[in-house]
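Residue numbers (my numbering), protein chains in the order written: chain A, 1 to 443; chain B, 444 to 776; chain C, 777 to 1069.
To be clear, the hints were calculated from the coordinates, so they are not data collected in a lab. If you're wondering where the values come from, they're calculated on a predicted model, not measured in any experiment. Just to be clear, a hint being listed does not mean it is correct.
When the alpha-carbon atoms are kept at most 20 Å apart in a straight line, the in silico DMTMM-like pairs for lysine to aspartate or glutamate are as follows [claimed, not checked]:
no., chain 1, residue 1, chain 2, residue 2
1, A, Lys-234, B, Glu-458
2, C, Lys-991, A, Asp-84
3, C, Lys-958, C, Asp-932
4, A, Lys-364, B, Glu-611
5, C, Lys-986, A, Asp-83
6, A, Lys-357, B, Glu-514
7, B, Lys-446, A, Glu-14
8, B, Lys-765, A, Glu-400
9, B, Lys-446, A, Glu-315
10, A, Lys-7, B, Glu-514
11, B, Lys-765, A, Asp-406
12, A, Lys-234, B, Asp-459
Selected chain B positions facing chain C (Cβ under 7 Å, derived; list incomplete) [what the hints assert, rightly or not]:
no., residue
13, Leu-447
14, Ile-448
15, Thr-449
16, Ser-451
17, Gly-540
Every residue, glycine too, gets a C-beta built ideally from N, C-alpha and C.
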Amino acid sequence: MLKTFVKGGVHPAECKFSEDNAIVNLPLPKTVSIPIAQHIGAPSKVIVAKGDKVKVGDKIAESTGFVSANIHSSVSGTVNKIDDVLDSTGYKRTCIIIDVEGDEWNEIIDRTTDLKKEISLTEKEIIAKINASGIVGLGGATFPSHVKLSIPDGKKINVLIINGVECEPYLTSDHRLMIEKANEMLVGVQILMKALSVSRALIGIENNKPDAIAHLSLLVKNYPGIEVHPLKVKYPQGGEKQLIKALINREVPSGGLPLDVGAVVHNVGTAFAVYEAVQKNKPLFERVVTVTGQLVSKPSNFMVRIGTPVSQLIEAAGGLPEDTGKIINGGPMMGKAVSSTEVPVTKGTSGILIMSKDASKRKKESTCVRCAKCVSACPQGLEPFLLIKQTQLEKNDELEQNGIMDCIECGSCSFTCPAGLPLLDYIRLGKSRVSRIIRSRKQ
Amino acid sequence: MNKLITVSPSPHVYEDTTVKRLMFDVVIAMLPALAMSIYFFGIGAIIVTLVAVVSCLLFEWLIQKFLLKKEPTITDGSAIVTGVLIAFNVPSNLPLGIIILGSLFAIGVAKMSFGGLGNNPFNPALAGRVFLLISFPVQMTSWPVPSGFKTGYTDAVTGATPLGIVKEGLSKGDNLTDLMAQIPSHMEMFYGRMGGSMGEIAAAAILIGFAYLLFRKVITWHIPVSIFLTITVFTGILWLVDPTKNADPIFHLLTGGVMLGAVFMATDYVTSPMTTKGMWIFGIGIGVLTILIRVFGAYPEGVSFAILIMNAFVPLINAYVKPKRFGEEVNHG
Amino acid sequence: MNTTILFTIISLSAVGGISAVILYFVAQKFKVFEDPRIDLVTEALPAANCGGCGYPGCRGLAEAMVKSDDLSPFFCPVGGNAVMATVAKILGKEVTAKEPLVAVIRCSGSLAKRPRLNEYDGAATCTIVSSLYSGETGCQYGCHGLGDCVTVCKFDAIYMDKETGLPVVIDEKCTACGACVKACPNKIIELRKKFAKDRKIFVSCVNKDKGGIAKKACEVACIGCGKCVKVCPHDAITLENFLAYIDPNKCKLCRKCVEECPTNAILEINFPPRKIKDETGGNTEQVKSSEKE
C-alpha cells in the first residue's frame, strides 16, 4: 500500500500533457512588469527610479519586514516607469516596468552549469543568503522561505519534507525540475537540511511520476539523509498538512504550523532556487512555468523570467486557441483565473492553463440534496454544506466554531458537489469575515 | 458568440456528477427489483408503478408551477424516484385512486410543503406509504400471492406475508416450526417468491441494485450494512435465547421491507445523516426499532416506521455528530 | 351517570385551581424586573427590525435608548424625526431633529457606457467578485451589478435595472437605514441629504484612477479635471485622487457643475427640463417657484 493522507480528498483527471517535454528557456520579452507584491506579507519597497539602468539579478525592491522578500531584476535594461498594472491577483498593483536591453548579468552570479556540492556557509549565513535572494515558496503559496527556516526558540525540528507531489492536475513544472535538475535540487535539500540542522529529509512524490521517483531514488544514494517516498495519487496531497500526514503520520493542529509537529515543508522548486542562490549567488528572478491545456497545440515547460507577460508564454506554446474560455494562473483546482493575457508571471506562477469555452462554464446550480459528498471530500474534516449556509446567513460565531479557519481552500467540496453549488466561493467569503473578526479581537 | 474570457473563483474543474445523474442511477438500481415484481405479480406491477410515477411527476409540476410559482424542476428525477418507491411499498393490486392519493400526500405534504427537494425531513415515499397504511389498512395489507406472470389486475388471490403469518401464529400460541412450514423457504424468499409489497419481495434483485449504487458511488455502504448487522445481531440474540419463539436472523433479513428499506429508503440523501458516524447511529437505530416493532409491537412489519422515526432524529444527529477534524489527533512525533 | 359528571367537574376544577395558585407563586418568585418604558418605546418604533440603527432589532434600540441619558447617539433611520420625537416624549429626554437622508448610487457605468472586458462566472454576489478581482470592466471601483444592495434592502427600495445593469433606488421607499451602504463592497452607495422634491446633484462616480485610465474604462467616469471645482459658487466641490465630490451640506443645487462636466459624471435628478441653457442655474428658490403648479 502506498502512503497517502487519510481524510477526504478527491481525484480529478490528471491531464499531465506536458510531462515529457523538457524545460525550454523562453526568449527574453521586450518589457517586463515586475510586481512589488509577489509574496505573502508586506509588499517590498521600490529602490530604483525611472531611467535607472539595471542588470539581471540587481535588487530593485527591498523587503520591508520579516515576512517580506527582496525583488530582483529579471532582465537588463532601463526602468521605464513605476506604475499600477493589472497582475494575476486580479487587481492593479504597483509594478516596476523595465525595457529590456541585451542580457547583461550581475557579475557576482556564477553562470557556469557545473554542480557545486560542498556547502561552505554556516546555518545563519545560509538563511541570510536565502533572505537576500528573495526566495519564496515556489509551490504557489509564495511564503518567504527564510521565515520558514527561522525556527522560533523552544521549537524543535526533526524532519524536513520536500514537496514533489504536484497534485494539481495539468501542472508539470516540478516534475520536469525533478528530472532535469535533480542533482542541483538535492544539493538544495542538503542546504535546507543544514540550515535547519536536521539529519533527515523526505521527498514525497505522487505515483503518477514514476520516472521522477526512479531517477531520484537512484541519486539519493549519494546524499545521506534524503529519502524518496512514492505516494498514492490523491488531491490535495500537496497541501502542507496533508503531505505531513501522508509522510510521517502527524497532524498539524488547528491553527498551528508544520513546525508545531517538528516538520518544515519546502517545495522542490524552492530547493532548486536555494541551490542557485547559495551556491551560485543567483537570486530568484526566473522559474519554471508549465503552459498547458486541452486546446494548447504545444504544451510546454518554460524557464521564464519574472515579469514576462503571460501572452508571450502562450505564444511560445502555439498561440492562444480560438475557443479559449478561461486562462488560469496555476492549476485548475487552486489557480486563479486571470482577466487579461497581459498579466506578468510572478514568483508564484507555477503554470498557465488554458481552458475551452465549454470547460470553463460552471455546472448549473441546483439545490443541496444533503448528499454529504462535500463532507467526505473535505481533507480538513469540515462540513462545507453547513459553512456555506452559515456564511449566507452571516453567522460568524458559528462559522468560527465549525472551524472555517481550518479550510485550506483546496476546492475539493466545490469539485465534488453534484448540485454545482459555489461552496468554496462562499466559504472563502466567510473565512475572510471571520479572520477580520479574529484580528479585531486581538487588537 | 462573444470573445470575452471567463473569470471565476477556483476550482475550475468539476466532477461530472449531477443531482439528476444520481437520481437516475437510483432509478436504474431499482430496475432489477421492478423486473422481479413484474415477473411475480404481472401486469399489476407495471400499472401501479406507472400510475405512481406519473402522478408524482404531475403533482410536483403542478405545485411548483401554480402554487409556488417557481421554475418546475421535475427533470431532476427525484419525483421519479419517489414514484417508484411508492409503488414498491404498496401491494400490486392496490386501487389506483389510493395510489394517486398516496402520491399526492408524498409529494404535496411530505416534500413540497417543507420546501421541496433537499428540505424534507421525512422520506416522501415512506410518509406516503404510512399515510396509506393508516388510512386504508385493509387494501394496504391484502397482498397478492406471487405466481407467474399475470395479466389481470385485481383478480389476484391474496394472502398474508410471511411476517404476518408468523406474527399472528405466535400470538395465537402456535408452534414456530409449524408456522415456518407454512411460509416459503429462505431460498424462495431470497429470490422473491413470497407475499408482500411490490418491490420488497426480491432480496436478490435489491442486492444487485445495492451493488450498482455502490459501484456508481451514489451511496456509501454504511447505512445498509449497519441496518443488516443490527438486525442480525439483535434477532440472533433473541433466536439463541429461545429458538422456539423467535424466528432466525435470516428470516428477519429476507422478509418484509428490510432490504428495500435499508438499500433504497434509509439511504435517501435528504433524510439521512451527513457523517459516517451519524450513519452508523442512524442504521443501528433503524435496525433496533424495526425488530422492536416486529417482535414486541402491534404491526407485523416495522421498517417504514423505524425509518421515519429515525428520520426525525437526523437533524439532531447532524447537530451533534460532527466529522473528526484534521488536527484533532495531535502527534508530536 | 350524573355522579360521574359531577366528579369529573369537581376534580378538574380542583386541579385547575391548584395549578393557578402554584403558577401565581412561581410567577411572583421568578419575576424579572423590566423597565416598562422599553415596551412603550418598542411600540413607538416602526418594528421593521432592519438594524439600520446599529442595534439588533427595534427592541435592542429601545433598551439602549431607555438605559442611556443622552439620545443623540441614537437614530431610527426608518421612523425618522417623528418617531424620535415620540420616543423622546416617552422618555422625557431631549432630541434634536436630523436631516432626512436618501441612498444614492454613485455609479453610472451602465452596460452601454462601460465595456465588459471579461465575464464573471461564479457565486452571484458582489462581495465575492470584489474579493476575487477587479471586476468585469476596466474600472475596479464601479458597480459589479450583482445586487448585494438589492438583497440586503428590507424595504424593497432598490431594484436592478436589467438594461443598465445598475441598481436604482426608489426614493419614496428608501428609509436611509444604511444597510446597502454596508453591503456594497465598493462603497458606491452614499446616504445624502434629501432635498425638496427629491432633487439631487451628485458625482455619479467613485473612480480614483487617473483621467485617461478612467475614461478608457468608462465613458461617464469622473476624470478629475477639476472644472466643476472651479465653477462651483458655493465651494461645495472637492477633488481628491482624481475624483470630485459634492458636499451635500454646502450644495445649493445650482446645477452649474452639471453643465461643466465633460464626461457627464455629475447627475441632476428630478429637475424640470432646462428651457434655455444660459438661463438655468441661479438660486434654488427660482427653480422651485417656476416649477410650482
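Going down the list of hints, with the structure as the test:
About 14 Å separates the Cα atoms of A/Lys-234 and B/Glu-458, which keeps this hinted pair within 20 Å; it holds. Among the hinted pairs, C/Lys-991 with A/Asp-84 is consistent with the structure: their alpha-carbon atoms are about 16 Å apart, no more than 20 Å. Pair hint C/Lys-958 plus C/Asp-932 holds up; C-alpha atoms about 16 Å apart against a cutoff of 20 Å. A C-alpha spacing of about 53 Å is found between A/Lys-364 and B/Glu-611, which places the hinted pair above 20 Å, so the restraint is violated.
For the hint linking C/Lys-986 to A/Asp-83, the alpha-carbon distance of about 11 Å falls within 20 Å, and the restraint holds. Of the pairs offered as hints, the one joining A/Lys-357 and B/Glu-514 is violated, with about 27 Å between alpha carbons and a cut-off of 20 Å exceeded. For the given pair, B/Lys-446 sits about 28 Å from A/Glu-14 by alpha-carbon distance, which is inconsistent with the 20 Å threshold. Proposed proximity of B/Lys-765 and A/Glu-400 is supported: the alpha carbons are some 14 Å apart, at most 20 Å.
With a CA separation close to 18 Å, the supplied pair B/Lys-446 and A/Glu-315 stays within the 20 Å bound. This hinted pair does not check out: A/Lys-7 and B/Glu-514 have alpha carbons roughly 38 Å apart, beyond 20 Å. As the CA atoms of B/Lys-765 and A/Asp-406 are separated by approximately 15 Å, the hinted pair is consistent with the 20 Å bound. Under the criterion of a C-alpha separation no larger than 20 Å, the hint pairing A/Lys-234 with B/Asp-459 is consistent with the structure, at around 18 Å.
For B/Leu-447, the shortest C-beta to C-beta distance to chain C is roughly 5 Å, which falls under 7 Å, so the interface hint holds. Using the Cβ-Cβ criterion of 7 Å, the hint placing B/Ile-448 at the interface with chain C is satisfied: the shortest such distance is roughly 5 Å. Interface restraint check: B/Thr-449 against chain C, minimum CB-CB distance 5 Å, threshold 7 Å, status holds. With a least beta-carbon distance of about 4 Å to chain C, the hint placing B/Ser-451 at the interface is held under the 7 Å criterion.
Taking 7 Å as the C-beta cut-off, the interface hint given for B/Gly-540 is violated, the closest approach to chain C being about 43 Å.
The earlier numbered hints that this structure contradicts are 4, 6, 7, 10, 17.
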